[in-house]
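These are the residues of each chain, in order.
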Amino acid sequence: MRVEVRVFATLRRYLPDLGIGEARVMDVPDGTTLDEIREILELPAEEVKVIMVNHLQAAPQDPGADGDRITYIPAVAGG
Amino acid sequence: MSKQILRINMADLSYKYEKVPKKWSKWAGRGLTSTIVAEEVEPTCHPLGPNNKLVIAPGWVSGTPAAPSSGRTSFGGKSPLTGGIKESNSGGLSSQKIAKLGLAAIIIEGTPKDEKWYTLFLNKDGVKFESADDILGKGMYQVDEIFWKKYPNEPAIIGIGPVGEKKLSNAGISINDPENKPGRYAARGGLGAVMGARGVKALIVDDTDGPGVDIADMDLFKAGRKKLTDAIMSHDLTKPGGGLNLYGTNVLMNIVNEAGGLPTRNFSAGQFEGAAKISGEMIAEMVEKRGGGMTGHGCHPGCVIKCSNIYPDEEGNDFVSCVEYESAWAFGANCGIDDLDYVAKMIRECNDLGLDTIEAGNTVAVYMDGGALEFGDKEGALSLFDEIRKMSPLGRILGQGVEATAKAFGVHRVPTVKGQSMPAYEPRAIKGIGVTYATTPMGADHTAGYTIAPEIAGVSGKVDPLTDEGKADLSLTFQAATAFIDSTGYCLFIAFPILDIETGFAGMVESVAGVMGLKADDVDAIAMGKEVLKIEREFNTRAGFTSADDRLPEFMRYEKLPPHDVVWTMPDEDLDKVYSWID
Ligand code: SF4
Chain A
1 MRVEVRVFAT LRRYLPDLGI GEARVMDVPD GTTLDEIREI LELPAEEVKV IMVNHLQAAP
61 QDPGADGDRI TYIPAVAGG
Chain B
1 MSKQILRINM ADLSYKYEKV PKKWSKWAGR GLTSTIVAEE VEPTCHPLGP NNKLVIAPGW
61 VSGTPAAPSS GRTSFGGKSP LTGGIKESNS GGLSSQKIAK LGLAAIIIEG TPKDEKWYTL
121 FLNKDGVKFE SADDILGKGM YQVDEIFWKK YPNEPAIIGI GPVGEKKLSN AGISINDPEN
181 KPGRYAARGG LGAVMGARGV KALIVDDTDG PGVDIADMDL FKAGRKKLTD AIMSHDLTKP
241 GGGLNLYGTN VLMNIVNEAG GLPTRNFSAG QFEGAAKISG EMIAEMVEKR GGGMTGHGCH
301 PGCVIKCSNI YPDEEGNDFV SCVEYESAWA FGANCGIDDL DYVAKMIREC NDLGLDTIEA
361 GNTVAVYMDG GALEFGDKEG ALSLFDEIRK MSPLGRILGQ GVEATAKAFG VHRVPTVKGQ
421 SMPAYEPRAI KGIGVTYATT PMGADHTAGY TIAPEIAGVS GKVDPLTDEG KADLSLTFQA
481 ATAFIDSTGY CLFIAFPILD IETGFAGMVE SVAGVMGLKA DDVDAIAMGK EVLKIEREFN
541 TRAGFTSADD RLPEFMRYEK LPPHDVVWTM PDEDLDKVYS WID
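Quick mapping for you: the protein sequence lines, in order, are chains A and B. Sequential numbering of the first sequence, starting at 1, is according to the working numbering. Sequential numbering of the second sequence, starting at 1, is according to the working numbering.
Among the hints, a few may not be true.
[To be verified] Below are the SDA-like pairs computed for lysine to any residue, each with C-alpha atoms no more than 20 Å apart in a straight line:
hint, chain 1, residue 1, chain 2, residue 2
1, B, 239, A, 12
2, B, 277, A, 12
3, B, 289, A, 13
4, B, 462, A, 55
5, B, 462, A, 48
6, B, 560, A, 46
7, B, 277, A, 24
8, B, 462, A, 24
9, B, 239, A, 46
What the hints contain is simulated information worked out from the structure, not anything from laboratory work.
Turn these sequences into a full structure, and let the hints steer you where they fit.
This is how it looks when you write it as structure tokens:
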């Protein structure tokens, strides 16, 4: 399956060649979980606070699906 | 020395110091401004008339030695924008200086008989009333500069721009930052017009040789301060090099966009294709590339989080502080503008003229929605500030904010509650924040009950933003906790670490108890927060508000918001439940 992955804020340092908001397109075996995709990208688990898939909250153990837009988010908030 | 109330009467240009009455002695910050407003201001009075007052109060811990991020000043009065009670708080230099003069609050009342304008100079010896004729009509950048030249002790400057002088409903109150720029605002709700109605252009606060703040139990205070500081410095969001420190509040732009909750083109979509270009990450890139400005800026001395920034112009000169999330969203996504330089220019206009950026950005967006300007027309948007500066009839309408502008231009998509426009979170896609917008006594205000923490950021647990269930209770808990924190003098952003780290919360309470001379167990943050909410809610009821005012605008019930294609579905009964413990 093919997924596109985005990272923001402090997580961007792990994928430094991506411009702000740009996606890494990845081909991974069907059913690969969000946590496994995170590992492939070498994003530290403790720095990933929220995962979104297609604009919805998701859990690390959820499997990805073809065409998914996946976003890994560190600690953020503001006002 | 126990704290005092300074009462300034503009009708006869007199002032007096009063003992803090016992009934007020447990309050500071928002708790105190709201208590005083509720007691002394007739809720049905005209906000610009002689019977409204401007109340200014630092928090409990403001001005104490090294309490982290504790320089917030609360401003209170009856709001010209909402017609209800208002508390708007800000960083900048004022809080610590007012507190160090031994003051619990400053009450400014009355109207000058001669219709003249005054500058008030306050130091340890009292108040001097000076003519403001020479600074009338001037923007806040110039005003701040003039007073630091005149007074070498680098005083706090609390002032209003030309919009406040004209008493327009979107006038904020400016507070100078450590660089003496008008980068900090008690922006929301039009309190600048209330200050203008008192005939006060500026209040200068010089704390030199002031008595300082008494701390009743220094050991408890210090123990609490340490726990709180440790929590702030260890939480991923607030620690040095964490999200807020590196990217500011605008770290949220891309995230809220991903969640489909970024209000775009006057609340007609939940995602903006240009979000990345106006994000906190982009600001950091600009600072690096242009070699000027800064991120990690503190808005007052002693802030350890430092979420503020100084945005550089193309030549790398410091241009404006602060491009925060709300402002970048208001002039960016909400107006369909993806150019940070223009966003920064409009923020600078607001800082100079004395406008709230959230209301001003929404006003421009509503004006665009009315067809007077294309969404995305950045030149056109910027030129609207010339109209406001000229005080042309159009400028005066825009200076009144969203509702006046929507009426003038025939717009039905009016994103307001109680007359105040919504900040940068779409309530159709993030339901809990919608409950806060609808029910807080302040009018649409995200800071009043920031459910975004669990709904988007995974702070203080995780909650699905798209469901209605449980959001009434969630919002109330956040509203109560906020009313307490707004009374402490601490910046609301300490909420993130202390909601996740229990010892941090305990530390906050202990530091407050230490200042007040109470036992930590006697300070029940949520119960005290609810007391503040009750005072505010009852003021609004006496001003004529009913449950019909606790509703989101009608269009949100039938216009579907992409990308989730959702409408506002919260039952009215759920909204009414939030404050049913009072009525
Ligand atoms: S965290 Fe940001 S808003 Fe809060 S006091 Fe510090 S600089 Fe000001």
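Hints versus structure:
no., hint, verdict
1, B:239 x A:12, "holds, 18 Å"
2, B:277 x A:12, "holds, 15 Å"
3, B:289 x A:13, "holds, 17 Å"
4, B:462 x A:55, "holds, 15 Å"
5, B:462 x A:48, "holds, 14 Å"
6, B:560 x A:46, "violated, 36 Å"
7, B:277 x A:24, "holds, 18 Å"
8, B:462 x A:24, "violated, 26 Å"
9, B:239 x A:46, "holds, 15 Å"
Violated hints, in rising order: 6 and 8; the structure is consistent with all others.
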